[in-house]
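Please arrange chain F on chain G, whose structure you already have, making use of the hints.
From first to last, the protein sequence lines are chains G and F. Residue 131 in this note's numbering is what sits at position 131 of the first sequence, and the numbering runs on without skipping anything. Residue 1179 in this note's numbering is what sits at position 179 of the second sequence, and the numbering runs on without skipping anything.
No lab work stands behind these hints: they were computed from the structure. Backbone N, C-alpha and C fix where the C-beta goes; we use that ideal spot for every residue, glycine too. It cannot be assumed that every hint is accurate.
If you anchor each label on the Cβ, the simulated ranges turn out as follows [what the hints assert, rightly or not]:
{"no.": "1", "chain 1": "G", "residue 1": "Thr241", "chain 2": "F", "residue 2": "Asp1260", "range": "18 to 28 angstroms"}
{"no.": "2", "chain 1": "G", "residue 1": "Leu240", "chain 2": "F", "residue 2": "Pro1042", "range": "39 to 49 angstroms"}
{"no.": "3", "chain 1": "G", "residue 1": "Glu28", "chain 2": "F", "residue 2": "Gln1213", "range": "20 to 30 angstroms"}
{"no.": "4", "chain 1": "G", "residue 1": "Arg52", "chain 2": "F", "residue 2": "Val1246", "range": "51 to 61 angstroms"}
{"no.": "5", "chain 1": "F", "residue 1": "Leu1039", "chain 2": "G", "residue 2": "Asp308", "range": "55 to 65 angstroms"}
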Amino acid sequence: MLRYTLKRLISLLISLMVASVVIFMVIEVAPGDPASFMLGVNAQEDTLVALRAELGLDVPKVQRYFNWVSGMLVGDFGTSYTYRTPVSQMIADRLWVSLPLALYALALSTLIAFPAGIYAAARRGKPGDLTVMGATQLGIAVPNFWFAMMLVLIFAINLRWFNAGGFAGWENGLWTGLHSLTLPAIALALPQAAILARVMRSSLLDILGEDFMRTARAKGVSRRQALWRHGVRNALIPVLTIIGLQFSFLLAGSIIIEKVFYLPGLGRLVFQAISARDLIVVESVVMLLVFAVITVNFLVDLAYAAVDPRLRSRT
Amino acid sequence: MSRNLILGALLSSLVLLAALLSFFWTPYDYAALDIPNKLQPPSIQHWFGTDHFGRDMFSMIMIGARTSIAVALVAVGIGMTLGIPLGLMAAARKGTWLDEVIMRGNDLVFAFPSLVIAILITAILGAGAINAIIAIGIFNIPVFARITRGAALSLWEREFILAARVSGKGAARISAEHILPNVANLLIVQGTIQFSLGILAEAGLSYVGLGAQPPTPSWGRMLADAQTMVSFAPHLALIPGLAIIVTVMGLNLLGDGLRDWLDPRIRVARA
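Bound conformation, chain G alone (with noise of 0.2 angstroms):
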């Protein structure tokens, strides 16, 4: 176990790494210089040097992207560019709004998806399972964002039981912030939903048909029982894999349901700063996303690792 963790650690010190480079450099042949889209088109030249030397502009590229790294080791993500605040605070601000968001959606999308997914195997080939299946169809393919729309149309605006947008705040309650971000929550949920009903339900029928279920039912065990004790469990292992995918994916995902619901979360950050060619705000984002994205994964294998030992000798 030990051995097979040392070597997912350095796979994911190596991607890290990897990943740093890429992002540094994709960033870096974006066209426009951060000194003059702050100053304009009338700026002078001396007062572009200055600037490009206070933003650490001025310093070769290898040089600034080891400055970046470095600096992200200990926490420091530098400073934007077109706020002057350091990135570390505006990130953690934006944080409190999109991680809550994202374990919302998944505390929805997995008590909307278990249930559906065993309901479905369990009726294999019956009425109930084609209606779940024909309700997954559907909600695999409703684009997330148009279901927030239609969200706000029924629930906002003509029944006025939420706001159409914007964030209250933790300040004023937890049941308000989480009020406020119930309809963004619901609309990022159902498509996740939808597919990891379909993962739940295939998965645990391919349990279902295995030896040891039909060993459980001779044994005299109940039909319920089998199912619960020992398909449920078993069936698990690759509804955790999706589920952790779903994570990630609703961390930086939700760039879109933050813009229809006017969200202050980290997609609105990043998709600002984009358009500032705010570049120090982007590449700590990305990192932050993709640090967050591989770890996860890492987690989740060596949460395999532990419960499965067969895993552990594949690479």
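Relative to chain G, chain F alone:
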């Protein structure tokens, strides 16, 4: 043939036909403004109603189908032309550094948040249909590379490949002549799925203003325009949304149906 296949083929060809027809005929000129008749609900004259400039929604949906299909199709093409050879190479050189580099490269692309990168690409290269294609296409490469490699690996163990090697064929020739035809079915099914994902991605990108630029209509931008008017003209949001749903659902059903139809083993297992 299953019901999925028939329904999927029907829905997909309906959208495809609308897109093709739009090259020759649309009920109205999609760009013609007709302010006195703005925001009309669906009627006999305007089947899908009119937008805030009085433009005919039906014509815009037809042209939008063209945009969506073109972007998604070329993106899948990029993914296939680069991903399949990479997957074949990785399988042929299984366990070597080449395989390792290709597969780690794949993992790395998967680790990047696709939407953020798509936004980044369009920010660097400028917004437009071509750059949306590149952004979506890049994320199709590892999908095809991985699925090709996985299927090819098990084929390399088979006797008929051994026979081909004994007869003196090299790895590249075996990959092209024996492996590729045997994984083609799988790739067609995956291609259909990626096509539908491409339609969704294009809609998302053009919704945030990074897809095809005005005046070319696209479903995503029609939705973005509709957002502020949804309370008094809901058809503006309903119709492009339904167009996306019908297309994506049609392609997904087609993919599912093709998989069952092309792979007799699955059919037996299901019976």
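For each hint, the structure was consulted:
1. G:Thr241 <-> F:Asp1260: 18 to 28 angstroms: About 24 angstroms separates the Cβ atoms of threonine 241 of chain G and aspartate 1260 of chain F, which means 18 to 28 angstroms holds.
2. G:Leu240 <-> F:Pro1042: 39 to 49 angstroms: 46 angstroms Cβ-Cβ, so the 39 to 49 angstroms window holds.
3. G:Glu28 <-> F:Gln1213: 20 to 30 angstroms: Holds, at about 26 angstroms.
4. G:Arg52 <-> F:Val1246: 51 to 61 angstroms: 52 angstroms, holds
5. F:Leu1039 <-> G:Asp308: 55 to 65 angstroms: Once the Cβ atoms are compared, 59 angstroms apart, the range 55 to 65 angstroms for aspartate 308 of chain G and leucine 1039 of chain F holds.
When the structure is compared with the earlier hints, no violation turns up for any of them.
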